[in-house]
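Residue numbers (the working numbering), protein chains in the order written: chain A, 1 to 203; chain B, 1 to 203; chain C, 1 to 203; chain D, 1 to 203; chain E, 1 to 203; chain F, 1 to 203; chain G, 1 to 203; chain H, 1 to 203.
Derived by calculation from the structure, the hints in this document are not laboratory data.
Backbone N, C-alpha and C define an ideal beta-carbon position, used for all residues, glycine too.
There's no promise every hint is true.
Cut-off 30 Å, straight-line C-alpha distance, at most; resulting in silico cross-link-like pairs (DSS-like, lysine-lysine) [to be verified]: (1) D:LYS128 <-> A:LYS128; (2) C:LYS128 <-> B:LYS128; (3) F:LYS128 <-> E:LYS128; (4) G:LYS128 <-> H:LYS128.
Which chain A residues face chain B? A few, computed with CB under 7 Å, are given here [claimed, not checked]: (5) ALA57; (6) GLY110; (7) VAL111; (8) ALA139; (9) SER142; (10) ALA149; (11) ALA163; (12) LEU172; (13) THR173; (14) LEU175; (15) ASN176; (16) CYS178.
8 protein chains.
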Amino acid sequence: TRRGYPEAIFCQGKTVDQVARIATVLVGQPQVALFTRVREEQVTALLEVLPDAAYDAEARLVAWPPVPPEPTGGPVLVLAAGTSDLPVAREALLTTRYLGRQADLVVDVGVAGLHRILAQVPRLRTAKAIVVAAGMDGALPSVVAGLVAAPVIAVPTSVGYGAAFEGLAALLTMLNACAPGVAVVNIDNGYGAGHLAAQIAAP
Amino acid sequence: TRRGYPEAIFCQGKTVDQVARIATVLVGQPQVALFTRVREEQVTALLEVLPDAAYDAEARLVAWPPVPPEPTGGPVLVLAAGTSDLPVAREALLTTRYLGRQADLVVDVGVAGLHRILAQVPRLRTAKAIVVAAGMDGALPSVVAGLVAAPVIAVPTSVGYGAAFEGLAALLTMLNACAPGVAVVNIDNGYGAGHLAAQIAAP
Amino acid sequence: TRRGYPEAIFCQGKTVDQVARIATVLVGQPQVALFTRVREEQVTALLEVLPDAAYDAEARLVAWPPVPPEPTGGPVLVLAAGTSDLPVAREALLTTRYLGRQADLVVDVGVAGLHRILAQVPRLRTAKAIVVAAGMDGALPSVVAGLVAAPVIAVPTSVGYGAAFEGLAALLTMLNACAPGVAVVNIDNGYGAGHLAAQIAAP
Amino acid sequence: TRRGYPEAIFCQGKTVDQVARIATVLVGQPQVALFTRVREEQVTALLEVLPDAAYDAEARLVAWPPVPPEPTGGPVLVLAAGTSDLPVAREALLTTRYLGRQADLVVDVGVAGLHRILAQVPRLRTAKAIVVAAGMDGALPSVVAGLVAAPVIAVPTSVGYGAAFEGLAALLTMLNACAPGVAVVNIDNGYGAGHLAAQIAAP
Amino acid sequence: TRRGYPEAIFCQGKTVDQVARIATVLVGQPQVALFTRVREEQVTALLEVLPDAAYDAEARLVAWPPVPPEPTGGPVLVLAAGTSDLPVAREALLTTRYLGRQADLVVDVGVAGLHRILAQVPRLRTAKAIVVAAGMDGALPSVVAGLVAAPVIAVPTSVGYGAAFEGLAALLTMLNACAPGVAVVNIDNGYGAGHLAAQIAAP
Amino acid sequence: TRRGYPEAIFCQGKTVDQVARIATVLVGQPQVALFTRVREEQVTALLEVLPDAAYDAEARLVAWPPVPPEPTGGPVLVLAAGTSDLPVAREALLTTRYLGRQADLVVDVGVAGLHRILAQVPRLRTAKAIVVAAGMDGALPSVVAGLVAAPVIAVPTSVGYGAAFEGLAALLTMLNACAPGVAVVNIDNGYGAGHLAAQIAAP
Amino acid sequence: TRRGYPEAIFCQGKTVDQVARIATVLVGQPQVALFTRVREEQVTALLEVLPDAAYDAEARLVAWPPVPPEPTGGPVLVLAAGTSDLPVAREALLTTRYLGRQADLVVDVGVAGLHRILAQVPRLRTAKAIVVAAGMDGALPSVVAGLVAAPVIAVPTSVGYGAAFEGLAALLTMLNACAPGVAVVNIDNGYGAGHLAAQIAAP
Amino acid sequence: TRRGYPEAIFCQGKTVDQVARIATVLVGQPQVALFTRVREEQVTALLEVLPDAAYDAEARLVAWPPVPPEPTGGPVLVLAAGTSDLPVAREALLTTRYLGRQADLVVDVGVAGLHRILAQVPRLRTAKAIVVAAGMDGALPSVVAGLVAAPVIAVPTSVGYGAAFEGLAALLTMLNACAPGVAVVNIDNGYGAGHLAAQIAAP
Ligand SMILES: Nc1ncnc2c1ncn2[C@@H]1O[C@H](COP(=O)(O)O)[C@@H](O)[C@H]1O
Ligand SMILES: Nc1ncnc2c1ncn2[C@@H]1O[C@H](COP(=O)(O)O)[C@@H](O)[C@H]1O
Ligand SMILES: Nc1ncnc2c1ncn2[C@@H]1O[C@H](COP(=O)(O)O)[C@@H](O)[C@H]1O
Ligand SMILES: Nc1ncnc2c1ncn2[C@@H]1O[C@H](COP(=O)(O)O)[C@@H](O)[C@H]1O
Ligand SMILES: [Mg+2]
Ligand SMILES: [Mg+2]
Ligand SMILES: [Mg+2]
Ligand SMILES: [Mg+2]
Ligand SMILES: [Mg+2]
Ligand SMILES: [Mg+2]
Ligand SMILES: [Mg+2]
Ligand SMILES: [Mg+2]
């Protein structure tokens with residue numbers, strides 16, 4: 001564990017072999033580890049070395065050991081503006097849980113239908129930290145930050161096309177949120193968002 | 001008049017002389033003309049040639065003749081997300097009026113305080129076209145378009161700093177609005193927004 | 001229906017399962033729905049749930065129910081600068097029709113051969129709203145807006161290569177149209193353009 | 001107060017008059033308010049209306065009432081990579097204090113001389129939230145986040161020239177921080193960074 | 001003379017002294033020289049050294065000797081889309097003349113009013129090379145290239161605002177011209193455009 | 001033929017069917033036509049309709065009729081800075097020939113080995129127009145333009161990686177050529193470069 | 001050999017045939033040559049012509065003759081911030097060796113765990129030139145340059161996602177390194193970095 | 001001194017007071033210091049504290065003590081492509097000298113007139129390191145690196161306009177130099193270039 005938090009292995013640029021070798025070190029160890037952005041063939045190799053590891057295909061995450069620790073600290077809420085933002089939102093959700101917080105997911109609360117997010121206000125106000133994943137216009141974090149006192153962690157997603165520029169539009173929107181209290185992480189960085197949420201909601 | 005609409009003279013790149021010469025042609029004519037993005041010294045020259053022309057310093061607009069025509073067609077509403085968006089919003093407002101529509105202005109209804117825009121919903125629903133000027137995150141048009149059936153004309157403003165990139169962030173947000181019905185014009189283009197509103201709300 | 005207009009389901013970032021589940025809700029319902037940017041495998045799943053749905057391969061659109069409503073409001077014209085702009089133009093055309101307007105398509109009227117667009121002027125002047133899809137230089141909307149009094153909805157397409165930058169060049173051209181009356185939507189956003197046209201030409 | 005936090009007035013795009021009018025409302029009120037990015041002539045007008053207001057020239061901040069509240073919650077640390085980052089760092093520092101946290105400033109701990117930041121490690125580990133202001137390469141947040149368990153709020157500054165692109169280089173560095181736990185705000189947004197720190201370190 | 005063409009001195013980044021020293025070398029010489037992008041104080045210094053030199057304030061050009069050579073080769077036509085493009089168009093016009101071609105200027109023939117450029121078609125077809133200066137959407141070269149057989153030299157100008165991005169929008173439009181036969185030069189580079197025209201129309 | 005030059009059909013965004021239908025019109029016609037950026041399956045369809053058409057795989061060009069016209073006008077020279085620039089250079093070469101000029105190709109004369117281009121100087125000086133295709137730094141046109149009096153048509157290629165940004169680096173280099181006489185076309189636009197060369201070298 | 005250094009053949013844009021033909025010239029020659037960025041099918045062809053050539057799959061490099069020369073000059077150190085930077089780091093390492101220097105590789109010394117790079121300081125100080133390959137935030141060169149007196153050659157890698165923008169973020173970080181002594185090369189240009197290191201450490 | 005090299009104080013973002021306070025520490029000290037990018041009013045303050053300090057207005061540099069150390073190591077050559085690149089070239093020249101190397105300056109050797117740089121080849125080959133400052137197309141380093149065996153340090157300058165984008169065009173050119181052996185530093189960073197040259201040419 002690094003500074004009290006589990007280690008994460010960024011699998012995107014790694015070969016199957018490199019990932020498997022890292023997994024081998026964990027066998028029979030109590031140490032928590034998250035493998036992020038895993039490809040199918042890496043998962044196969046990982047599950048050979050660590051057959052009990054938990055794999056979430058949507059979040060592209062392998063976790064070891066498979067069961068998250070007993071939650072401590074405050075509750076975290078993860079919002080996905082649309083269905084297409086789910087992979088990123090789920091990566092945040094699971095990361096937060098494996099880092100030891102209680103966390104829930106709310107989907108399809110984009111600003112095009114305000115009643116959906118307004119209906120969640122009481123629940124939003126119970127959270128110690130809120131992760132908001134949104135693509136296209138990325139407008140949801142501005143709206144949420146205006147409704148709660150807790151910090152909002154905004155994750156731009158690459159959902160969209162054309163002038164969405166692979167998430168750049170949403171990223172800029174979030175950096176310019178007209179409500180204070182918005183912390184931005186990299187495009188599609190559900191892992192980073194979940195990590196920050198776990199730190200902010202730490203006991 | 002071009003295709004039934006008054007001519008506009010874009011004064012930004014013109015010398016005082018060039019602008020004055022254009023004004024001279026209008027003397028004693030019934031023809032409507034708008035001088036947009038006028039500089040102080042151009043105004044002085046214009047008012048020498050056309051002493052009765054109307055000048056709005058905030059909108060940087062000189063109009064001739066000074067009184068807008070009797071309004072026809074549907075009502076137009078112009079929204080400014082914040083006080084700093086007023087110059088652009090006002091340019092849109094006056095343009096719409098000089099093109100013959102009834103138009104009103106609503107200020108300070110940004111998405112950081114949703115109750116402000118929600119309080120305007122009945123009024124929003126009476127308009128045939130809505131202009132929304134917003135800078136920074138540019139999130140207001142997405143929200144407004146989700147609340148009304150009329151077209152929303154979104155004008156990104158250069159209000160903001162850093163990653164607002166002189167209005168680029170707001171422009172991209174608006175182009176990616178997650179609600180349909182958002183028509184985008186150039187950054188700070190209050191004139192173009194007002195023109196479009198007048199065309200859409202034409203009788 | 002949202003604010004009087006049919007709902008659209010943006011299928012790009014969704015799994016086959018997610019799309020099929022949404023379709024299931026529509027079975028035996030009178031509610032109009034458009035599935036945009038559908039992939040082949042999504043279409044198969046959709047047609048299993050809704051065998052009578054209309055599918056347009058070029059526009060990548062599935063519509064339910066298959067027959068557009070009886071048209072009301074003013075006529076809409078959709079222009080495609082070149083043959084390669086057809087998929088986007090057709091998405092706009094069909095969206096407009098399913099939203100209840102009469103709409104026609106004119107192809108291959110790019111500015112490199114001015115006589116082609118000049119030959120259409122009388123027809124252009126009958127429309128209440130004109131959609132123009134153009135890639136590469138994106139110059140057609142400027143020219144069309146100078147010829148008519150109705151609003152022009154400009155859709156930049158990603159047609160081209162090199163410094164076309166996937167439609168960015170055409171997008172910027174359209175935002176800077178030297179004729180007023182040009183409303184811009186996202187690159188390749190035929191759906192959004194058609195929606196706006198239907199709103200503007202509403203009775 | 002908005003959601004428990006003082007209101008801030010963004011003075012950059014406002015006229016002297018607009019700012020003075022807002023100040024007038026505060027006279028004889030207990031309500032806390034921060035005027036950010038004030039220009040010299042705005043300060044003069046503000047101090048006429050609120051003679052006891054606190055003005056910090058380096059942070060370009062006017063605060064009312066002048067004395068910050070008694071601090072609650074955890075301690076906050078603000079780091080400035082170099083002397084040139086001081087205006088932004090100080091804006092963060094004062095914002096945090098006026099929002100009710102205890103906050104300290106550490107200057108000139110850039111990564112070009114690692115011993116300087118290494119000497120601060122024990123102190124860094126006492127903070128509940130750390131703000132890091134850095135321009136040019138913006139590398140300091142990555143290093144700090146690797147040394148502590150608390151969240152790091154990274155503020156890119158526009159310090160530098162050429163390929164620093166007015167803070168863009170530092171912004172990208174921070175969004176790509178190779179250590180987790182880095183929350184990014186807009187370029188030169190000391191106010192937003194301080195606000196987030198106060199929220200995170202809230203009791 | 002370089003390869004048969006006069007030398008040009010790019011004065012933008014030079015001190016008054018450096019420019020004056022270059023002029024001194026020309027005294028009493030038959031050698032043709034153009035000083036481009038001259039500032040007022042450089043002109044004063046130049047005219048002290050070369051009192052008979054020709055100075056054109058709009059084109060920011062000083063020429064020595066003051067009278068262009070007797071024209072040879074084919075005629076060149078320079079078009080300015082709008083009045084604001086005149087400085088760049090005039091720099092091209094004078095450069096072409098000082099390089100030995102016959103050249104004429106046509107102003108205000110932008111595509112928003114097609115009849116203006118259509119009225120010039122017979123004249124356009126007499127030219128051996130056509131320079132087109134246009135800002136904002138930069139659409140004019142596409143249209144002109146579709147009307148003539150001679151090469152079109154397109155000069156984007158920095159006229160416009162917002163998403164014109166200082167001439168970038170016009171530059172991209174021109175690089176993507178949907179008609180072949182468009183040669184592009186740098187933004188505001190009237191000198192380069194005129195030089196190319198003179199080369200193309202050389203005897 | 002358009003304005004005296006053969007028509008070109010841009011095949012990139014077209015279906016096999018659309019291309020075949022265009023070819024059918026040409027059967028038994030004397031009209032010259034170039035099919036540019038053809039894909040393998042389009043070629044098969046084209047050769048079924050026009051079995052005698054000429055196909056150049058490297059240039060991705062199909063020409064009909066297969067034999068270029070007897071050359072008129074001045075000679076054209078096409079330079080490729082490196083072997084990887086050959087597809088673009090060849091597209092230019094063949095276009096020039098099918099438009100009726102005599103044209104030759106010189107390969108591998110990049111500026112990293114100056115002696116190679118210096119050895120070609122006498123030959124360079126015989127051309128009426130020179131096309132230069134170069135990727136990466138795109139420096140070759142600046143050097144060539146300094147050596148000859150004829151116009152240089154610079155085609156940036158997408159050869160390179162990283163900060164070559166798909167040809168953007170070379171494009172910018174060419175637009176900023178420190179020698180006058182450089183005409184720039186779109187990235188990888190060998191067709192446009194060859195067309196311009198044929199126009200410039202026309203009799 | 002060019003100016004005393006082996007020739008390199010950039011294989012990315014070349015056909016298998018072109019590469020094989022170049023190899024044929026080397027048969028039975030003492031001349032050193034490096035084939036960089038080779039694709040699998042090019043390797044097969046190369047090894048047919050030069051069966052003894054050395055091939056490193058990770059570095060995508062084929063070297064001829066297979067054994068590097070006896071090293072002269074000072075030692076070079078190549079650092080890879082993370083495992084994913086290995087392909088680039090290895091390309092630099094091998095290039096340096098084939099150009100005649102002694103060179104070693106140190107992996108996984110990113111700034112997120114400072115102790116790793118601090119443990120290498122004595123070793124770092126023995127090098128005459130240090131190559132640092134890093135992606136994402138690209139912060140490592142700034143830190144290393146602050147620890148040594150030798151020049152640091154920084155190679156940004158395309159490792160990362162989202163706002164890493166294919167290596168652009170790391171590139172900008174390195175160009176803005178707050179410590180002097182950082183020489184930057186193109187994204188993923190391990191070959192160029194190794195070449196520079198060999199030149200700097202030449203005897 | 002940092003790692004054996006003098007300290008540099010980056011004065012751009014500092015107040016006159018901050019700079020003066022730093023100077024005060026140097027009084028009566030043997031320590032070498034360079035104040036870079038000094039503004040006029042900073043110079044006045046510096047010379048009050050250190051009356052004997054050397055000030056170079058063109059390079060915007062103040063050095064203390066005023067006389068460079070006795071040179072050691074190999075000779076360094078600084079090239080300026082044009083006169084406008086002189087300020088940057090001179091900052092490099094002086095930095096190199098104050099860091100203890102012998103250094104010379106060669107001006108006006110841009111690639112538009114190849115004979116100028118070719119005439120310098122013998123001199124170029126005597127240098128242990130060559131700094132090349134160039135703006136606009138930034139093509140000179142590619143050419144120089146092809147002529148010598150020593151490393152070339154390329155400094156893009158912000159000389160130019162339009163698509164030079166304040167030095168970005170030259171920066172990209174240099175990063176993509178088609179000759180190996182080019183080390184790039186930030187736009188206008190003469191200080192960094194001179195520092196690298198001094199390190200490379202160290203004894
Ligand atoms: N092709 C499209 N382009 C842009 N927006 C779309 C498109 N299709 C649907 N939408 C919008 O996306 C929203 C639905 O998103 P979702 O809930 O993710 O299906 C709807 O409100 C539509 O207005
Ligand atoms: N306005 C201009 N824009 C672009 N290039 C120019 C301009 N004026 C002169 N030049 C070129 O710059 C070179 C002169 O640069 P210099 O030696 O710095 O005066 C000449 O070779 C010209 O071709
Ligand atoms: N490879 C090409 N690059 C750029 N423009 C082209 C190319 N090939 C054809 N064109 C132009 O595109 C137009 C034909 O477009 P289309 O009608 O879509 O086939 C012609 O007028 C050509 O000038
Ligand atoms: N002109 C310059 N450009 C880039 N970096 C510089 C410059 N001058 C000084 N520096 C670096 O900036 C650091 C000093 O920054 P500071 O402590 O803010 O004065 C030193 O370590 C120098 O390496
Ligand atoms: Mg959203
Ligand atoms: Mg807003
Ligand atoms: Mg077009
Ligand atoms: Mg730093
Ligand atoms: Mg125009
Ligand atoms: Mg080259
Ligand atoms: Mg790193
Ligand atoms: Mg140069």
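Okay, the hints, checked on the actual structure:
no.: 1; hint: D:LYS128 <-> A:LYS128; verdict: 14 Å, holds
no.: 2; hint: C:LYS128 <-> B:LYS128; verdict: 14 Å, holds
no.: 3; hint: F:LYS128 <-> E:LYS128; verdict: 14 Å, holds
no.: 4; hint: G:LYS128 <-> H:LYS128; verdict: 14 Å, holds
no.: 5; hint: ALA57; verdict: 26 Å, violated
no.: 6; hint: GLY110; verdict: 5 Å, holds
no.: 7; hint: VAL111; verdict: 5 Å, holds
no.: 8; hint: ALA139; verdict: 4 Å, holds
no.: 9; hint: SER142; verdict: 5 Å, holds
no.: 10; hint: ALA149; verdict: 13 Å, violated
no.: 11; hint: ALA163; verdict: 4 Å, holds
no.: 12; hint: LEU172; verdict: 4 Å, holds
no.: 13; hint: THR173; verdict: 5 Å, holds
no.: 14; hint: LEU175; verdict: 4 Å, holds
no.: 15; hint: ASN176; verdict: 4 Å, holds
no.: 16; hint: CYS178; verdict: 5 Å, holds
This entry does not satisfy hints 5 and 10, going by the numbered hints stated previously.
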